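Construct the entire structure; sequences and hints are all you get.
Chains as they are written, first to last, in this note's numbering: chain B, 26 to 500; chain H, 366 to 498.
Because the hints were derived from the structure by calculation, they are not lab data.
Bear in mind that the values here come from a model prediction, so they are computed numbers and not experimental data.
Cβ atoms here follow ideal geometry from the backbone N, Cα and C, with glycine treated the same way.
A portion of the hints provided could be inaccurate.
[Stated by the list, open to error] The calculated lysine to aspartate or glutamate pairs, modelled on DMTMM-like cross-linking and capped at a C-alpha distance of 20 Å, are:
| no. | chain 1 | residue 1 | chain 2 | residue 2 |
| --- | --- | --- | --- | --- |
| 1 | H | 371 | B | 465 |
| 2 | H | 371 | B | 461 |
| 3 | H | 419 | B | 69 |
| 4 | H | 371 | B | 453 |
| 5 | B | 235 | H | 467 |
| 6 | B | 397 | B | 123 |
| 7 | H | 371 | B | 207 |
| 8 | H | 371 | B | 462 |
| 9 | H | 371 | B | 469 |
| 10 | B | 235 | H | 485 |
[Said to hold, decoys possible] Label-pair distances were calculated between CB atoms; the ranges are:
| no. | chain 1 | residue 1 | chain 2 | residue 2 | range |
| --- | --- | --- | --- | --- | --- |
| 11 | B | 40 | H | 400 | 11 to 21 Å |
| 12 | H | 457 | B | 461 | 41 to 51 Å |
| 13 | H | 433 | B | 438 | 38 to 48 Å |
[Claimed, not checked] Examples of chain H residues toward chain B, derived with CB under 8 Å:
| no. | residue |
| --- | --- |
| 14 | 371 |
| 15 | 379 |
| 16 | 386 |
| 17 | 389 |
| 18 | 390 |
| 19 | 391 |
| 20 | 393 |
| 21 | 435 |
| 22 | 445 |
| 23 | 449 |
| 24 | 451 |
| 25 | 462 |
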Amino acid sequence: MQFSSPTFLFLFLPLALALGLALPRALRNVALFVASLVFYAWGEPWVVRVMLVSILVNWALALWVERDRERSRLAIGVALVFNLGLLGFYKYWNFLWDNLAAVGVSLERFPAEPVQLPIGISFFTFQALSYVIDVRRGEGRAQRNPLDFGLYIALFPQLIAGPIVRYRDVAAQIAERTLSSEKFASGVRRFAVGLAKKLLIANTCAVAAKDIFGLDPAQLDAGTAWLGALCYTAQIYFDFSGYSDMAIGLGRMLGFEFLENFDYPYIARSVTEFWRRWHLSLSTWFRDYLYIPLGGNRHGRARTYFNLVLVFFLCGLWHGAAWNFVVWGLFHGAFLVLERMASGGKRARSSWLGWPYAFVVAVVGWVFFNAKSLPHALEFLRAMAGFGTGDGVAVHAGLYLDALLATTLAVAAVGSTPWVPALARWRERRRAAGAEDGLERGLELATVALPLVMLCLSAARLSAGTFNPFIYFRF
Amino acid sequence: MNASTKSPFRSWCDRALALAFVLFCAVPGALTWLQPPPSGSIEREFRRPAPEPKAPQTLAEAEAWPTAFDAWFRDHFGLRPTWIRLNNRVSIEAFGVSPTNEIVLGPDAWMFTTRDRAVDVWRGADPFSAEEL
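Written out as structure tokens, the structure is:
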């Protein structure tokens with residue numbers, strides 16, 4: 026089930042909130058766990074079996090790790106084989122098979138039919154693996170209650186598209202969490218922002234991005250190609266960060282506090298900084314469970330560069346079983362290495378002059394990410410560089426750039442900068458100074474009115490049934 | 366005044382927003398059964414509404430039921446016509462663009478269809494091939 030669907034918004038959500046808030050405390054976790062299973066099974070009921078197996082196996086493995094410290098290394102090995110095997114089979118089997126067949130290696134296919142991808146498997150597998158590893162590292166206690174552990178994995182706000190939540194960050198909240206109208210309202214504000222980001226900005230940009238990336242690249246001139254790339258750049262950020270906002274908001278309404286997943290990545294002044302602002306739960310996962318165990322930057326420059334490239338190769342592959350994702354990951358990894366080399370092996374520090382460079386790298390990277398194939402991406406980039414074969418008459422940017430898209434891109438540009446946190450800090454300073462004037466009341470009323478306007482416009486767009494793809498759903 | 370101390374006005378605003386959100390989510394769902402959209406409202410969209418799914422009798426039907434329910438609910442949830450009207454008004458009056466990709470708005474309240482690549486034909490961007498001529 027998607028957050029941006031009428032069934033979720035007008036049926037599932039009110040029922041889940043009633044269960045999660047009105048039931049006696051002892052029943053809340055069970056009710057939320059069952060609701061999360063319904064949420065996950067909706068549309069593809071078979072996938073819930075995969076997740077239940079993952080929950081039971083990882084719950085048992087963590088108990089084994091904790092009770093038998095001497096053989097915990099073996100248990101971690103089993104956890105790695107199980108979780109990566111599960112991910113490998115469901116996500117990469119078809120990819121492996123197709124590539125082996127392409128180079129002439131023909132094997133007896135098992136299973137005979139292509140494997141279907143359970144939605145969100147990349148997220149809950151990484152979450153479960155981090156939990157078992159953290160228990161072995163002594164960074165958290167194993168959960169005795171399988172239902173509570175099931176709730177940690179399956180909790181519907183973050184189940185299918187993250188953020189990838191660490192067990193230690195929510196363990197106390199699973200046991201006991203506080204509910205208040207202040208926290209609920211804060212969750213509503215965040216959810217409204219996320220829904221509007223997804224339905225009003227990302228979906229509007231998605232129409233133009235899909236149309237332009239769907240054109241024959243021979244028709245593209247530079248303006249159209251840049252418009253397509255910028256629309257996709259806005260789409261993927263507002264789509265994914267919108268989903269994270271909704272997840273954080275829903276969590277807050279139910280009493281959970283998830284860590285932030287984005288920190289205005291498009292204001293980054295280097296690619297290194299971009300990755301400290303984009304999909305934070307994934308980048309910190311790779312840092313803590315792969316980059317640092319590989320040695321991080323502690324074994325000389327060459328090894329550091331190798332580690333970075335390997336991490337970004339796998340990061341690309343995590344996003345999808347296709348070569349364009351691998352190229353996208355390696356593209357970013359290469360820039361991280363170049364930035365390290367330019368700064369003498371240390372983390373790069375950039376001035377504001379680095380912003381155009383980092384932004385263009387991100388935009389070019391998204392072309393690899395969204396293109397149908399590597400040749401398609403290269404032809405698209407050639408058009409962006411001004412060497413396209415389009416005449417700018419049959420196809421030109423003006424065909425797509427109507428008042429709605431222009432306004433949406435302008436709002437996206439403003440929304441990509443951290444003016445809201447700056448405004449919130451300014452209000453906090455005013456309040457600390459004792460301001461309780463008309464302006465303060467007006468601003469407070471705005472924090473009620475604006476989310477409601479966003480919700481109404483989002484519901485209107487949702488009801489019109491316009492273009493509604495969700496990119497991170499497939500990961 | 367301490368910044369962390371919450372004024373009564375702020376508390377009132379939080380409660381008002383929480384209540385409004387619960388109503389926003391719950392009312393359309395409740396109206397789906399209490400006050401269904403008037404008959405013919407979907408036929409005006411020149412299509413047949415998705416049928417109400419029957420209670421599943423087999424495991425296969427049970428697995429297919431959520432998808433069928435989604436389709437039915439998308440066509441029948443409460444306030445749907447109101448939300449669609451709001452979307453259309455915002456598209457047309459605020460941005461001057463058609464809310465559907467099957468129509469292009471022109472000057473003087475003219476509307477043009479986009480079916481059969483009509484816009485490309487009008488722009489001369491879809492000429493006949495030598496064989497067609």
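Hint by hint, here is what the structure shows:
1. A C-alpha spacing of about 13 Å is found between residue 371(H) and residue 465(B), which places the hinted pair at or below 20 Å, so the restraint holds.
2. Under the criterion of a C-alpha separation no larger than 20 Å, the hint pairing residue 371(H) with residue 461(B) is consistent with the structure, at around 11 Å.
3. Between residue 419(H) and residue 69(B) the CA atoms are separated by roughly 18 Å; this keeps the pair inside 20 Å, and the hint holds.
4. Taking the CA atoms of residue 371(H) and residue 453(B), the gap is near 12 Å; set against the 20 Å cutoff, the hint holds.
5. For the hint linking residue 235(B) to residue 467(H), the alpha-carbon distance of about 17 Å falls within 20 Å, and the restraint holds.
6. This hinted pair checks out: residue 397(B) and residue 123(B) have alpha carbons roughly 16 Å apart, not beyond 20 Å.
7. Taking the CA atoms of residue 371(H) and residue 207(B), the gap is about 10 Å. The hint holds against a cut of 20 Å.
8. Pair hint residue 371(H) plus residue 462(B) holds up; C-alpha atoms about 15 Å apart against a cutoff of 20 Å.
9. Under the criterion of a C-alpha separation no larger than 20 Å, the hint pairing residue 371(H) with residue 469(B) is consistent with the structure, at around 12 Å.
10. The hinted pair formed by residue 235(B) and residue 485(H) meets the criterion: a straight-line CA distance of about 18 Å does not exceed 20 Å.
11. Taken as a hint, the range 11 to 21 Å holds for the pair residue 40(B) and residue 400(H), whose Cβ atoms sit roughly 19 Å apart.
12. A hinted range of 41 to 51 Å holds for the C-beta pair residue 457(H) and residue 461(B), which are about 42 Å apart.
13. Checked against the hint of 38 to 48 Å, the C-beta distance between residue 433(H) and residue 438(B) comes to roughly 41 Å, which is consistent with it.
14. Taken as an interface hint, residue 371(H) checks out: its beta carbon lies about 7 Å from the nearest beta carbon of chain B, inside 8 Å.
15. Because the beta carbon of residue 379(H) sits about 4 Å from the nearest beta carbon in chain B, less than 8 Å, this interface hint is met.
16. A hinted interface residue such as residue 386(H) counts as satisfied when its beta carbon comes closer than 8 Å to some beta carbon of chain B; here the least separation is about 4 Å, so the hint holds.
17. Among the interface hints, the one on residue 389(H) holds; its C-beta lies about 6 Å from the nearest C-beta in chain B, closer than the 8 Å criterion.
18. A distance limit of 8 Å between C-beta atoms decides the matter here; for residue 390(H) the minimum to chain B is near 4 Å, and the interface restraint holds.
19. Checking residue 391(H) against chain B by beta carbon gives a least distance of about 4 Å; that is within 8 Å, so the hint holds.
20. Nearest Cβ of chain B to the Cβ of residue 393(H): about 4 Å, under the 8 Å cut. The hint holds.
21. Taking 8 Å as the C-beta contact cut-off toward chain B, the hint placing residue 435(H) at the interface holds, the least distance being around 5 Å.
22. Checking residue 445(H) against chain B: minimum C-beta separation of about 5 Å stays under 8 Å; hint holds.
23. For residue 449(H), the interface hint holds, since its Cβ comes within 8 Å of a Cβ in chain B; the closest pair sits about 5 Å apart.
24. The beta carbon of residue 451(H) is positioned within 8 Å of a beta carbon in chain B (closest approach about 4 Å), and the interface hint is therefore held.
25. Using the Cβ-Cβ criterion of 8 Å, the hint placing residue 462(H) at the interface with chain B is satisfied: the shortest such distance is roughly 5 Å.
In summary, this structure violates none of the numbered hints.
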